[in-house]
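Novice: Take a look at the letters that make up each chain.
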Amino acid sequence: MSELATNLRVVRALGMRSIRQTFRRPQLMAPIVVFPTLLLAIQTGGAGGAVNLPGFPPVHSFLQFMLAGAMMQSLMLAGNSGGIALAVDIEMGFTDRLFSAPIPRYTIVLGRLAGTAALGLFASLWFLAIGLIFGAQIEAGVPGALIAIALVTATAMAVGGIGAAIALRTGSASVVQGLFPLVLVVLFLSSAFFPVELMIQPAKAIAEYNPLSFIVEGVRGPIISEIDVAELGEAVLAIAGIVVLGLVLSARALRRRLRVG
Amino acid sequence: MRASIGVALQEAALDPLMTGRELIRLQATLQGLPGNEGKRRADDLLERVDLVDAADRRVGTYSGGMQRRLDLAAALVHEPRVLFLDEPTTGLDPVSRKTIWEEVRALNDEGTTVFLTTQYLEEADQLADNVGIIDSGRIVAEGTPESLKAQIGHPHIQLQLAEGSVAEAEQVCARIGKLLPPKDGGTVLVEVENGAADIPRTVRALDEAGVAVESLELVRPTLDDVFVAKTGHHLEKEDGAGAEPDPVEV
Numbered sequence: 001m002s003e004l005a006t007n008l009r010v011v012r013a014l015g016m017r018s019i020r021q022t023f024r025r026p027q028l029m030a031p032i033v034v035f036p037t038l039l040l041a042i043q044t045g046g047a048g049g050a051v052n053l054p055g056f057p058p059v060h061s062f063l064q065f066m067l068a069g070a071m072m073q074s075l076m077l078a079g080n081s082g083g084i085a086l087a088v089d090i091e092m093g094f095t096d097r098l099f100s101a102p103i104p105r106y107t108i109v110l111g112r113l114a115g116t117a118a119l120g121l122f123a124s125l126w127f128l129a130i131g132l133i134f135g136a137q138i139e140a141g142v143p144g145a146l147i148a149i150a151l152v153t154a155t156a157m158a159v160g161g162i163g164a165a166i167a168l169r170t171g172s173a174s175v176v177q178g179l180f181p182l183v184l185v186v187l188f189l190s191s192a193f194f195p196v197e198l199m200i201q202p203a204k205a206i207a208e209y210n211p212l213s214f215i216v217e218g219v220r221g222p223i224i225s226e227i228d229v230a231e232l233g234e235a236v237l238a239i240a241g242i243v244v245l246g247l248v249l250s251a252r253a254l255r256r257r258l259r260v261g
Numbered sequence: 001m002r003a004s005i006g007v008a009l010q011e012a013a014l015d016p017l018m019t020g021r022e023l024i025r026l027q028a029t030l031q032g033l034p035g036n037e038g039k040r041r042a043d044d045l046l047e048r049v050d051l052v053d054a055a056d057r058r059v060g061t062y063s064g065g066m067q068r069r070l071d072l073a074a075a076l077v078h079e080p081r082v083l084f085l086d087e088p089t090t091g092l093d094p095v096s097r098k099t100i101w102e103e104v105r106a107l108n109d110e111g112t113t114v115f116l117t118t119q120y121l122e123e124a125d126q127l128a129d130n131v132g133i134i135d136s137g138r139i140v141a142e143g144t145p146e147s148l149k150a151q152i153g154h155p156h157i158q159l160q161l162a163e164g165s166v167a168e169a170e171q172v173c174a175r176i177g178k179l180l181p182p183k184d185g186g187t188v189l190v191e192v193e194n195g196a197a198d199i200p201r202t203v204r205a206l207d208e209a210g211v212a213v214e215s216l217e218l219v220r221p222t223l224d225d226v227f228v229a230k231t232g233h234h235l236e237k238e239d240g241a242g243a244e245p246d247p248v249e250v
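Keeping their order, the protein sequence lines are chains F and Y.
So that you can map any letter, position 175 of the first sequence is 175 in our numbering, and since no number is skipped, the others follow by simple counting.
So that you can map any letter, position 247 of the second sequence is 247 in our numbering, and since no number is skipped, the others follow by simple counting.
None of these hints come from the bench; they were simulated from the model.
Warning: the hint list may mix true and false statements.
[Stated by the list, open to error] Here are some chain Y residues the structure puts well away from chain F; computed CB gaps all over 12 Å:
(1) 28
(2) 48
(3) 84
(4) 139
[Said to hold, decoys possible] Cβ pair distances, simulated, as ranges:
(5) Y:11 with F:139: 24 to 34 Å
(6) F:106 with Y:122: 37 to 47 Å
(7) Y:137 with F:35: 47 to 57 Å
(8) Y:58 with F:137: 53 to 63 Å
Keep in mind the model is a prediction, meaning the values are calculated, not measured.
Glycine included, each C-beta is placed from N, C-alpha and C at the ideal position.
Given the sequences, and given the hints that come with them, work out the whole structure.
Specialist: Here you go:
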């Protein structure tokens, strides 16, 4: 078996463990599925009239508009949960077991990110299914749905990189968990739950430059209208930026952890 | 080098949410074993450490002894040439401790070099071919258990005394043989050259001096005595200060 194939097996095995860990620990699973689903239900039920506001993008329903936001919330919290799980591994010494194994250290981070990406995939399928069940349409059809799924999955992995970097740097689950409110702030200061055009300053200015807004629009576009290549390109660039940031920070944090223990 | 060593740490770093079988299979993957071989090896090891019935239960439900056995199995998955065991029986019940001892002996018989740290000197005596005693970060003695005990030489009499009799007993015993550092405030240890033959005169001397003795025992040299002789103190908390003793390497 080639070295690459062996390393991919390791990443897959660690990714599977990460997924099982999330599904077996309700406190990790709840923020990914339960919380965003409830918020989606509450917002859709309570603020559905927002679609009639002047300047609101043309949509069939508020649910159709909100699906991208719910997916984004879910994947952001999946990244946060992945970071918490990695920090728990550090706290209980499980990463020492991984460090003592004859594997490249980067596979430890990639395994965790693979698991987070799988949770992103799950979240995208979950919310698309909910949307379809409750009458939302995917305007760009199957290709549009596939684009949304791919973007959400990739973003989950990218955000997971940031979570992993913080976990590796601090080694503390409570510190990573403490970022939960910050995740929500970043989310609310994007176009996830409300169109940027209807925001007021300074939130509007922040949301316009928030990388998440570009990703949200990339996911939302195929759901509420047609595939827009420019919009899609901006989303991919934003994801790539977060991926690079996450990987650089993770690599530095990993090196430091191996050096200082 | 990482492929040729196995490590089981004092705190078994096990994921409580995984099952025992999942953990061993993951360890097999980490060690680069192909899928089928990893499964076969996991089954063999679970049988070897007597965890077949619990293999599909989550590790969080295991007892301390089961977790140590699972940790040991994980360390063995790639058949390492050198195995590091960090206090593998600390906190275990006697039955679990015996199971680990048997497994360590079997591994050593099969050709695995076992580097074991322990604070149980009896464990070192039972298992080790070679013992190194570390005190305050320095190796103060090294050799086979028998050679180390031979350095101590003579057995000693251990007296358990009634309250207030210690000073008087020490005066008497100093005439019989060399006094050794006591284990606690109520005991006196005196080295005797002739073993059991020195007991009658010791008893007579104590009786004549009116020393109240609760118990008397002849103790042959053990690694504990070696430790006392080499370090000047016992492998126990000292002076009630709660200091942790230094480990013994085996």
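Novice: Would you check whether the claim that residue 48 (chain Y) is not at the interface survives, using Cβ distances to chain F and the 12 Å cut-off?
Specialist: Non-interface label stands for residue 48 (chain Y): nearest chain F Cβ at 19 Å, farther than 12 Å.
Novice: Would you say residue 28 (chain Y) is clear of chain F, with no C-beta pair closer than or equal to 12 Å?
Specialist: Violated, since 9 Å does not exceed 12 Å.
Novice: Holds or violated: the 24 to 34 Å window for the beta-carbon distance between residue 11 (chain Y) and residue 139 (chain F)?
Specialist: Taking Cβ atoms as reference, residue 11 (chain Y) and residue 139 (chain F) lie about 55 Å apart, which means the hint is violated.
Novice: Any Cβ of chain F at or closer than 12 Å to residue 139 (chain Y), or is the non-interface label fine?
Specialist: holds (24 Å)
Novice: Does the beta carbon distance between residue 137 (chain Y) and residue 35 (chain F) stay inside 47 to 57 Å, or does it fall outside?
Specialist: holds (51 Å)
Novice: Between residue 58 (chain Y) and residue 137 (chain F), is the Cβ distance one that fits in 53 to 63 Å?
Specialist: Violated, at about 43 Å.
Novice: Starting from the hint 37 to 47 Å, judge whether the C-beta atoms of residue 106 (chain F) and residue 122 (chain Y) obey it.
Specialist: holds (45 Å)
Novice: If we take the beta carbon of residue 84 (chain Y), is the closest beta carbon in chain F still more than 12 Å away?
Specialist: violated (9 Å)
In summary, the numbered hints that this structure violates are 1, 3, 5, 8.
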